[in-house]
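Q: Sequence:
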Amino acid sequence: MKKIFPMMVMTIFGLIGGYWAGYIIASKNVNVLETVFLFMSFPMFYIIHIVIHEAGHGLLGKISGYKMVSYRIFSFMWVWREDGTIHVRRYKVPGTLGQCLMAPPTYEAGKFPFRLYLLGGVIANIVTSLIVGAFFVPQSFLATSFAIVGILTALTNSIPIGFNDGMSLKIASSNEKQQYLLYLQFEINNQMNEGKTYAELPEQYFQLVSATSAHTYFNDWQQFLIIARLAEKHNWPLYQEQLEILWQRKKEMISIYLLELKKEMLFGLCLTAATDERIPQIWTDKKIQAALKQPLMGNKRVKAAYVYCIEKDAQAALELITAGKNLTHRAPNLGDAKTEGQLLVWLETKILNEESTPHNQ
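Residues in the sequence shown are numbered from 625 upward in steps of one, following our numbering.
Source of the hints: derived by calculation from the structure; they are not laboratory data.
The beta-carbon is built from N, C-alpha and C at its ideal position, and this holds for glycine as well.
Mixed in with the good hints there might be a few duds.
Only pairs whose alpha carbons sit at most 25 Å apart, straight line, appear in this in silico BS3-like list of lysine-lysine [claimed, not checked]:
(1) 917 x 962
(2) 857 x 962
(3) 917 x 716
(4) 974 x 949
(5) 962 x 716
FRET-style restraints, in silico, Cβ to Cβ [unchecked claim]:
(6) 934 x 880: 21 to 31 Å
(7) 760 x 876: 42 to 52 Å
(8) 686 x 913: 35 to 45 Å
(9) 720 x 939: 11 to 21 Å
(10) 735 x 794: 15 to 25 Å
Kindly generate the complete structure, drawing on both the sequences and the hints.
A: Below is the structure:
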């Protein structure tokens, strides 16, 4: 039901958009060329509203006391450094078309300003749609198209479905613990943007926050945080233990987290349990194969572990590791680049040491 409901909502919004497009065509005696242009305008205006949406997060986040960290549209990401410089990176997050991440103000229990920031995108879409609608609708069918797309964009982001602003707002509004977890996500991203690795973050960030009424994707995120630090410390038994805990929740997990879980589980099993039956199941998963094709350091690490531990091809694994080392510019932040770089070096050293040992003679 959790998967069907979002599809139903999107279908309803699609029907509404189709109805309005038909209404515009019929009421304004739009010719064939104008009709084609009208339908072409929908994806164009959707892209514009993504830009507006993320800018809205940035503007209202700034008003709420946040500082800019990164702004991403599709795979193009602008990153703000502490010295005031802005760097351009290429980074794609499956399931998201844009993202505006900011550094939060100092956390105070009961006073964390998250609502305006989370609603900033929706507010920006609605305000721009209303302004254009007030001045140009119904005279211009393109203005009507812009307004409709903006309202639909606002609705799909505000109604709590899956992994969107509305759901994040609902979760954070539920209790103080979830607000703290939201703060941690923003703050850790900020610190890693400046170059800190997981092992360099404060210990209290890794003290597991218990789920009060329901386990949310905020709780899942913190467990991934703990797993990432265990990987950085090469504590593979505990790393695998924590992955198994998350694995029990895979049916309730949001899609982008499930992809990450499967990739890390594949990596962990290759290192600790190479005969586990889940390895071929995960490896042949079409979604995993599609995700692993993205040019990211972590993907090269996972593939190298599989190629070496399962396919027994040390040379191919080392080539993947070398390719991964050359992808630091694709990492979402400096801290992630450092962490993945260290893991690639660790895996490379493991392979070279084992291959130099005459165990196969």
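Q: Each hint needs a verdict: does it hold in this structure or not?
A: Results of checking the hints against the structure:
no.	hint	in the structure
1	917 x 962	holds, 21 Å
2	857 x 962	holds, 13 Å
3	917 x 716	holds, 12 Å
4	974 x 949	holds, 16 Å
5	962 x 716	holds, 19 Å
6	934 x 880: 21 to 31 Å	holds, 25 Å
7	760 x 876: 42 to 52 Å	holds, 45 Å
8	686 x 913: 35 to 45 Å	holds, 40 Å
9	720 x 939: 11 to 21 Å	violated, 36 Å
10	735 x 794: 15 to 25 Å	holds, 20 Å
In this structure, only the earlier hint numbered 9 is contradicted, and the remaining ones agree with it.
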